Every structure is written in structure tokens, then in C-alpha cells.
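Use these hints to put chains X and A onto chain W, whose structure you have.
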Amino acid sequence: MSEPATNIGAKVAQFPRAAALAEKEPPFIRVEGVTKRFGSFTAVSSVNLEIRKGEIFSLLGGSGCGKTTLLRMLAGFEDPTEGRIFIDGQDMTDLPPYERPVNMMFQSYALFPHMTVEKNVAYGLKHMDMTASQRADRVREMLALVQLSDFSHRKPHQISGGQRQRVALARALAKQPKLLLLDEPLAALDKKLREATQFELMDIQDKTGTTFIVVTHDQEEAMTLSSRLAVMDKGRIMQTGTATEVYEYPNSKLVAGFIGSINFFDATIRGVRDEVATVDAPELGATVEARAIPGLTPGQQITLAIRPEKLTISRSKPEGPNAISGKVRDLAYFGKDSLYRIELPSGRVLSINSVNSRRVGENERVADWEDAVWLSFDPSSAILLKD
Amino acid sequence: MNRRPVFLITMLCFGFAFFYIPIISMMVYSFNGSRLATVWGGFSTKWYISLLSNRQVLKAVILSLEIAVLSATVATILGTMAGIAMARFKRFRGRTLFSGLVTAPLVMPEVITGIASLMLFILMAEYIGWPATRGFTTVTLAHITFSMVFVTTIVHSRLVQADEAIEEAAMDLGSRPWQVMKDITLPVISPAILSGWLLAFTISLDDVVITNFTTGPGTTTLPILIWSKVKLGVTPDINALATITVVIVGIGVFTAGWLLNRAEKRRELDIQLAYQANQ
Amino acid sequence: MSLSSRSASLRKWFNRRGWIKITIATPYIWLALFFLLPFVIVMAMSFATRTPTAPPFSFGGDYPVMNTDHYARLFSDDLYIRAYLNSIGNATFATLMCLLIGYPMALGLTRVSRSWRNVLLMLVILPFWTSFLLRVYAWMGLMGTNSWFNKLLTGAYNWIVPSDMALRYIPMMNTGFAVVLVTVYSYLPFMILPLYANLEKLDISLNEAAMDLGSKPFQVFRDVTLPLSVPGIIAGSLLVFIPASGELIIPSLVGSSSRPMIGRVISDEFASARDWPMASAVAVALLLLLVVPLMIYTYYDGKAHEKAQKEAT
Chain W
11 MSEPATNIGA KVAQFPRAAA LAEKEPPFIR VEGVTKRFGS FTAVSSVNLE IRKGEIFSLL
71 GGSGCGKTTL LRMLAGFEDP TEGRIFIDGQ DMTDLPPYER PVNMMFQSYA LFPHMTVEKN
131 VAYGLKHMDM TASQRADRVR EMLALVQLSD FSHRKPHQIS GGQRQRVALA RALAKQPKLL
191 LLDEPLAALD KKLREATQFE LMDIQDKTGT TFIVVTHDQE EAMTLSSRLA VMDKGRIMQT
251 GTATEVYEYP NSKLVAGFIG SINFFDATIR GVRDEVATVD APELGATVEA RAIPGLTPGQ
311 QITLAIRPEK LTISRSKPEG PNAISGKVRD LAYFGKDSLY RIELPSGRVL SINSVNSRRV
371 GENERVADWE DAVWLSFDPS SAILLKD
Chain X
-4 MNRRPVFLIT MLCFGFAFFY IPIISMMVYS FNGSRLATVW GGFSTKWYIS LLSNRQVLKA
56 VILSLEIAVL SATVATILGT MAGIAMARFK RFRGRTLFSG LVTAPLVMPE VITGIASLML
116 FILMAEYIGW PATRGFTTVT LAHITFSMVF VTTIVHSRLV QADEAIEEAA MDLGSRPWQV
176 MKDITLPVIS PAILSGWLLA FTISLDDVVI TNFTTGPGTT TLPILIWSKV KLGVTPDINA
236 LATITVVIVG IGVFTAGWLL NRAEKRRELD IQLAYQANQ
Chain A
122 MSLSSRSASL RKWFNRRGWI KITIATPYIW LALFFLLPFV IVMAMSFATR TPTAPPFSFG
182 GDYPVMNTDH YARLFSDDLY IRAYLNSIGN ATFATLMCLL IGYPMALGLT RVSRSWRNVL
242 LMLVILPFWT SFLLRVYAWM GLMGTNSWFN KLLTGAYNWI VPSDMALRYI PMMNTGFAVV
302 LVTVYSYLPF MILPLYANLE KLDISLNEAA MDLGSKPFQV FRDVTLPLSV PGIIAGSLLV
362 FIPASGELII PSLVGSSSRP MIGRVISDEF ASARDWPMAS AVAVALLLLL VVPLMIYTYY
422 DGKAHEKAQK EAT
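These protein sequences, in sequence, are chains W, X and A. Here our numbering is used: the first residue of the first sequence is 11, the next is one more, and so on. Here our numbering is used: the first residue of the second sequence is -4, the next is one more, and so on. Here our numbering is used: the first residue of the third sequence is 122, the next is one more, and so on.
Everything labelled a hint here was simulated from the structure, so no lab data went into it. As the structure is a computational prediction, the values presented were derived from the model and not from experiment. Even for Gly, the Cβ is constructed at its ideal location relative to N, Cα and C. One should not assume that every hint holds.
[Stated by the list, open to error] Facing chain W, from chain A, some residues (calculated, C-beta under 8 Å):
| hint | residue |
| --- | --- |
| 1 | L241 |
| 2 | L320 |
| 3 | D324 |
| 4 | E329 |
| 5 | S336 |
| 6 | R395 |
[To be verified] The following label-pair restraints were derived from C-beta to C-beta distances:
| hint | chain 1 | residue 1 | chain 2 | residue 2 | range |
| --- | --- | --- | --- | --- | --- |
| 7 | W | D276 | X | E263 | 35 to 41 Å |
| 8 | W | D89 | X | L101 | 23 to 29 Å |
| 9 | A | V240 | X | R261 | 37 to 43 Å |
| 10 | X | I246 | W | D89 | 37 to 43 Å |
[Claimed, not checked] Derived pair list, reagent style SDA-like, types lysine to any residue, alpha-carbon separation capped at 25 Å:
| hint | chain 1 | residue 1 | chain 2 | residue 2 |
| --- | --- | --- | --- | --- |
| 11 | A | K272 | X | I18 |
| 12 | A | K142 | X | G169 |
| 13 | W | K202 | W | P292 |
| 14 | X | K226 | X | G211 |
| 15 | A | K424 | X | G169 |
| 16 | W | K129 | A | R343 |
| 17 | W | K337 | W | G281 |
| 18 | A | K322 | W | Q173 |
Okay, chain W solo, but in the shape it has when bound:
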């Protein structure tokens, strides 16, 4: 059971420059109707994307969703079956990888094992019009940027995993590409290192101003790193937006379920008034209110979704419209918060996250095993999903 994502990601990802540029400039990278088929299998299906200069954009999805194939088409390792790719106004679709102003940080890092750290970083520069001393300066600058100046003469097998990751980053950035592609940049690192590296990546991005496209399967990583992200499934882009948009206003059951954890219920619309829909949810054992979405008609079948942290748990029946009774089946104490599993009279089990804002002892908590409790939520926190 993964811990539900908090809003920290959205808060950190306030990129002043990206946000400022976002509104004014035309898109820097344009993916137009790109489709990739391998035989009868469609890996990427008519994808359209617009990414602005200086953004960190994440492609988020499970394995086999097409995110890596899309990345490889941007790098030039795969030719799109249909569609075109533009970078900075130039059509890149037919250019081989070695002629694109795009560099990639590989998931395996793909460091050349027979070259030192320094030679790895310098490798791309030898195809550029530079003097030897300019080249040496750039390598030194890059190694300083990733704090590896002391390791320049080591071979890749003589440094740690985190250091290898930084060499790969320095090597990809050395040519000052217009676009940097990062394939699961943090996947091979352990949890502690991953968190530190996230911030380091953002820092480096801010310093260089390079546009980043990150492929990841880790939703927390995507939310922390990116200014905007796209959720992919089965070769299609399901939703594009900021972390907040995608988390708080998912447009489908799939996106809602992929980002963070959530409770789903089958429901029927009873009526809509003043942006608030009244919904029958037999599994909740109640009629509840939720923020309406456009195009609802009474009698319509719909999915009601509520995130665990949006639910409040109490011993007595709360005021307000959305009150549900249940019984504590299970609880898990995580320190900063607790997870409750509440069994409703209908037999459905519901997850609730409750922040432990007060310091209480073992026997003083809000609810204990087998206790009868009440749950409530704000109508604006309930999400209605059509599919």
C-alpha cells in the first residue's frame, strides 16, 4: 500500500521561469499526431504534445504504456510510423540521432566502460567545433556542475551508482542540447538518494535552462520534478497538466487511480443544482453531494471518487450533507499519519488517511479496531468521473 502523495510535489514545482514563459512563448517542442507501430502492435497512438522552453515535462505511465517509445522517437532511435516531431520550429522527424540537438540520459546510464569519467563527458564534444582548451573547460565545468571533479580519472566501474547517474547527466548536458531526455533517471537509486537527486536535478535544470523530458513510472517522482506531466496508457496520452491539475482534477478513472490512491464507488445522478450534484451511492449507503462536472443528466450512471486524505473520521455524527457510518476494520500507524480501513454497512471497505496533528498515546486515538465511526467529506473534494 503506497502512501498517498501529498501536495509537496506541487509546491516545490513552482518554476518561476517556466511558469512565466509558459503563457507567452510558442511551444518549443511539438509532437504532432505521432503513432508508432511494431508489426501489428501499436506502441504509441496518435500522440499530440506541446512542451515549452525550460519546462521539466514528465511522461508518466506503467510499463508498456509507450512512454519510452515516445522518448526514443524524440531522440531519433525509432522512426514514427505516422506524425511529425518539431524542436524549436525545426522538423526533426527524419534526422538521425547524431544530427539532433537532443541528448539522452539512459536508464542504464550507458556509460562507456572503457573510458574514464572525463572521457565519457568529453565524448560528445569531439564532434563539435571547439578548441581543445574549450573542450577541456566544458568538461571541467560539467564535472563541477555534478560535483564529480575529484573522480574525473576513474572508470565507470570504480564509482558508485549515484555517481554514475551524475556522470550520465553531465555527459548528456555537455553538448548543451536544446532538449534533454531522461529515461527513468532515478529508478536505479535507493530511496534516500532518489529524494536528494530529485532536487539536484531540478537545481541543475534551473541553472542550465535546458528543457527536460522525463520518462518515469513513479508518480511521486513525476509530481516532484515536473512543471507539467502527461499520463500515458496503452500508447495514448490520457491527461496533460500540472501535478495539481492531474491529482485534484483527474479526467478519468484511470488517471485518478494511477496518481495517488483513491476510493471508487458506482453512483447514479439524482439532480444537479448550483454546481453541486446530488448522487445516489448505494455502496456508501447514502445520498451524497459532489462538485458537478459539465453534462450531467439525472439518472446517469457515474463513478464517484474520493481520495483517502479528503475524508474526515469522527466518533460522533458530523454536521453537513456527506456523512457515512462504518466500522474500523484495520488501522496502520505511520507516524505522521494513519491509514484506516473502514467497513461500510454495504460490505465495501474504504481507505482513509488521517494526519496525526496532535500527539496522543496508544489508547487515546480517534478510533480503534472494531469501533463504530462516522466519515465525512466536503462536496468539493468528491470527484465525479464519467468513464
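Just chains X and A now, with coordinates in the frame of chain W:
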């Protein structure tokens, strides 16, 4: 970026033409009616008939097979033991010499191994009296010695790849070292043992140089028979013999390859199904 | 009672350490007896004196303990020097040819689709399982003066050169060229297989990374694939060079008798001239020249490899 590597494909075609044109030519000429081996004289199967009625050839085939089966079997047992010793027993007295002994025969020019073995056998006959004459026994001993190291190489590389933790798990579950060997290690390396046996068998069946040195009068294996004939030039019945060999080996190799391929595909399918069932 | 208790203690010994000792000692003793001992004999024999007895050697006599005449003859008789030069020259040339043909083939094998690759690999291995002798023999048929292959080549040759230089056939059999050609043919799989094993393991993303950093396909090959395939090149070259330099069958069947080769010299000294000490001296010199340096190299290479692996973890 999926450009076809034209140069590499061309080289592959050229290489395979180089490999197979001589063999195919030889097979075609085995049906040559003419006695002159290189001049076409019409289609005929007479060389096959004369070959199959040649008692000398049949005797040589049987002798070669006997030696190959016997030497491959002993070589597999000894070679497997050596492979296990190299892969699993990290420290024992004389390990460096041992590792030299199991690799040296692989790179030793055959002529040297041949005369060295011959001198040994002559001196053994002189001073110990066994093996008294050179022939079946000495050839088999020599074949065992130089083919066992090939088995060792195969078994060793398989064992190095295998996860040692499964042996530790068996020991943890109460098996004694010998039982671990019997229940876990040997089954794990059984494909390697099988391919080792096949390799030893083929090497023995194919050997000319070492056999030539260690054999004695009356012990003529098939390669020695062919050797004595081809020294005199190209003859059509050797073409027929070669064709039969190539066809038998080809069928064997392709059947083995097909079976392996099928097993691999089935395993992949099983993994996929299991994965889907789990989702 | 004593029998059952003895068998019980035997079983106990076997279960404890006994089977380990048996596993090590059996192949050890076998190899010491049938491989190491013969080489000790060859070593000793190279210092013996040839006699017209049976077996045809003795120690002592005019030469107390060690007779180094045979080694002196290696340097004074130009037969031996020529034989070594011919053998090593042929083997070097054949190894280079194998590398030139085998490398692109091995690389090509890693680039074709998987189903094709399995079939083609089998086609590489197939000649390896058929008789070596018959493969040499196949070329004897092709190279003969009346063969279709020779006629084809002669036709091509005559078409290119002016008519006054025309040939009736191209002399191929019993030449140095024939030895190299057949050596390449016979040992090519030994070059392709280790190279393929090496190239197949290379991470394709390294090639992609180099290309991503601006290298064109040829530069990718030069900077990444080639340096990383050096172990495969060395392994393949050793597997071709060593047996090719001591080769006996190929020079005997298709070589020229006026160009001595070391394998034939050893064999002839031993069998025809019955000069065991001389044959042994030639063999020992070949060992010292080729095999020993290579074994030392492999030993240290293995050590370096282990060390690198230890550092990586």
C-alpha cells in the same frame, strides 16, 4: 533509425557461401558417375553402394563409434568432476596447477599432445607392460584425456552462471554436501553434461592427429582410414562418405536446435501467461 | 560386525569430506598421469641422445645428463628456422583473414532478427560438428586443376589479363596459399563464435548513447563496439592462431612439401627419422614460443578480470 546494416548482411552472405560451397560441391560430386573425382560423368549412386558394401569402412565406423562412446562417457564423468572442483571448491592444494591442467589441452597443438602421449605409451609398455600394445586401449585413453577438458569448460561455465544460493538453500534445509550435489547441482548442470558428452563424442569421432600417433596396427578408426585414402588424392567414395556424415550431423544439429528453440518459446509463453494471470 | 561398522564409517567419511576429495583427486590424477607426465617425458627426451635401440634414446654416454645438441641444431639448421617462420607466418595471416571475415559476420549475427539468428548460428556451428578432415578434403576437390572452381577462377583470370598471359589452370593445390585458405576455412567458426558471444553481450544502449552524442555509425563502431570487443578478438585469435601454427593435417594434404611447416617437421622427425630427442626439442621450442606466453597472458588476464569484478562490487 532502423537502417539495415547492408555491409554486415553482405559479409554474412559471403561468409556462408564460403562455408557451404565446398561442402555442397562435395555432396554433388558424390553422385558423380565418373571415376575421376573432379570431372562430371553423369548421375550415379554407385559410390554409395560400394561404400556400404565395403567391410573395411564398416569396421572402421563401428570401431570409431565404440571408442567415441566409451571415451566420451569416461571423459564426461572426469570432466564434470573437474568442472565442479574448479567452480565450487575455491581452495585446495595444487589448484593453480589443476587449473593449468584443465586448460592446457584446449590450446595445445595436437601434434605435441600426440607425440607426448605416444612416448608415454611406449615407455609404459616398456617398463610397466600395460598397455602392452598400442591400439584400442591407448587410443581411448588419449581421447579421454584431451576431450575431458572440453567437458570441464562447459560444466564450469554453467556452474559459474548458476546461482550458488540454491545449493546453500538445500544445505540450509538439511541436505548433506553429497546430497546437495546429487539433488541440486547435478540436475542443474545436466544440460551442460549432455552437451559436454556430445562434444567429447564428436571430438573423439573426428580426431586424426592424436589417433594417428597413439594407434597401432589393426586399429583403424574411420578418420584414420579416410586420412590414409585422402593422402592419395580425391576419390568419389570419400565424397559419398562425407555426404552421409554431413547429412547425419546436419539432421542432428537442426533437430537439437529446433527442440531447444521450441522449449525456449514454450517457456517464454508460460512466463507471459503466468504474468498475465498475476495481474 | 566390523564390516558393517566399517561401511558406516566409510559412509560418514564420504558424507563429510570424502566426496570432495574424490571429485578433486580423480580428474587431477588422470590429467597428471596422461597429460602432465607425457610433457615431462617430452622435456626430458629433448635432452636425451638418439640411439639405434628400441626405444631409440638413451641418457648419459658421451653427454653426461643433458644433451643440448638438439637445441643447438634448432638454430643452426635452417630447416627448423624456415619451418617456424612458415608456420607462424601462415598462422598469423590466417588469423588476420579469419578476423577480417569473421568480425563482420559475428557483428551481422547480432543485428539480424532472433529467428534468423538461431538458424544462422546453427549454420556456423554445423561445419564444426562435421569432420575436420572432410572439410579439408572438400577443398582438395575444389582446388584441383580440373575442378569447376578452378576453371571458373581461371576463366575469370584469363578474362582480365592479356591473352598472352592466359593460364590453362591456376595452380592452387600444394601451395602456401592453399594452406592459408583451408586454415581460414577450417578455423573460421572458432573466430566467429567467441566474437559473437562477446558482441552479443554488449549493451546496445552504449551504441545509442554514442549516436545520441553525435557519432555516425562508423564512429560508433570505432569508439565503442571495437574497443569493447577486444576480449572477443583476443579469444578468437588465440583459438585460431595456436592450433593453426601447429597444424599437421592441412599442410600434409594441401601444402607444398618444399615449404616445411612445424607440425609436419615434428611428425616427420618422430615417425620417419625416428629421432625422438630432436622431435621433442622442436616441440618444446614451439611450446616455449607460443603456448607458454599465451598461457601466462591468459592467467594474468583472468586475474585482472577477477580484480576488476571485485572492484566493481
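The hints, checked one at a time:
Because the smallest distance between the Cβ of L241 (chain A) and any Cβ of chain W comes to about 21 Å, over 8 Å, the interface hint for this residue is violated. Contact between L320 (chain A) and chain W, as hinted, is not supported at the beta carbon level, the nearest pair being about 14 Å apart and thus beyond 8 Å. About 6 Å separates the beta-carbon of D324 (chain A) from the nearest beta-carbon of chain W, less than 8 Å, and the hint is met. Interface restraint check for E329 (chain A): the shortest CB-CB distance to chain W comes to about 6 Å, inside 8 Å, so the restraint holds.
Given the 8 Å rule on beta carbons, the hint for S336 (chain A) holds: about 6 Å separates it from the nearest Cβ of chain W. For the restraint placing R395 (chain A) at the interface with chain W, the shortest Cβ-Cβ distance is roughly 53 Å, beyond the 8 Å limit, so the hint is violated. The hint said 35 to 41 Å for the Cβ distance between D276 (chain W) and E263 (chain X), and at roughly 39 Å that hint holds. Taken as a hint, the range 23 to 29 Å is violated for the pair D89 (chain W) and L101 (chain X), whose Cβ atoms sit roughly 46 Å apart.
In this structure the hint that V240 (chain A) and R261 (chain X) lie 37 to 43 Å apart at CB is violated, the actual value being about 19 Å. One distance hint, 37 to 43 Å for the beta-carbon pair I246 (chain X) and D89 (chain W), holds here, with the actual separation near 42 Å. As the CA atoms of K272 (chain A) and I18 (chain X) are separated by approximately 18 Å, the hinted pair is consistent with the 25 Å bound. Between K142 (chain A) and G169 (chain X) the alpha-carbon distance is near 21 Å, which keeps this suggested pair within the 25 Å criterion.
A threshold of 25 Å between alpha carbons decides the hint, and for K202 (chain W) with P292 (chain W) the separation of about 43 Å lies outside it, so the pair is violated. Using a Cα cut-off of 25 Å, the hinted pair K226 (chain X) and G211 (chain X) holds, with the two alpha carbons roughly 19 Å apart. Our distance criterion of 25 Å between C-alpha atoms is broken by K424 (chain A) and G169 (chain X), whose separation comes to about 35 Å. About 15 Å separates the Cα atoms of K129 (chain W) and R343 (chain A), which keeps this hinted pair within 25 Å; it holds.
Straight-line distance between C-alpha atoms of K337 (chain W) and G281 (chain W) comes to about 30 Å, which puts the hinted pair past the 25 Å bound. With a C-alpha separation of about 24 Å, the suggested pair K322 (chain A) and Q173 (chain W) falls inside the 25 Å cut-off, and the hint holds.
Of the numbered hints listed earlier, those contradicted by the structure are 1, 2, 6, 8, 9, 13, 15, 17.
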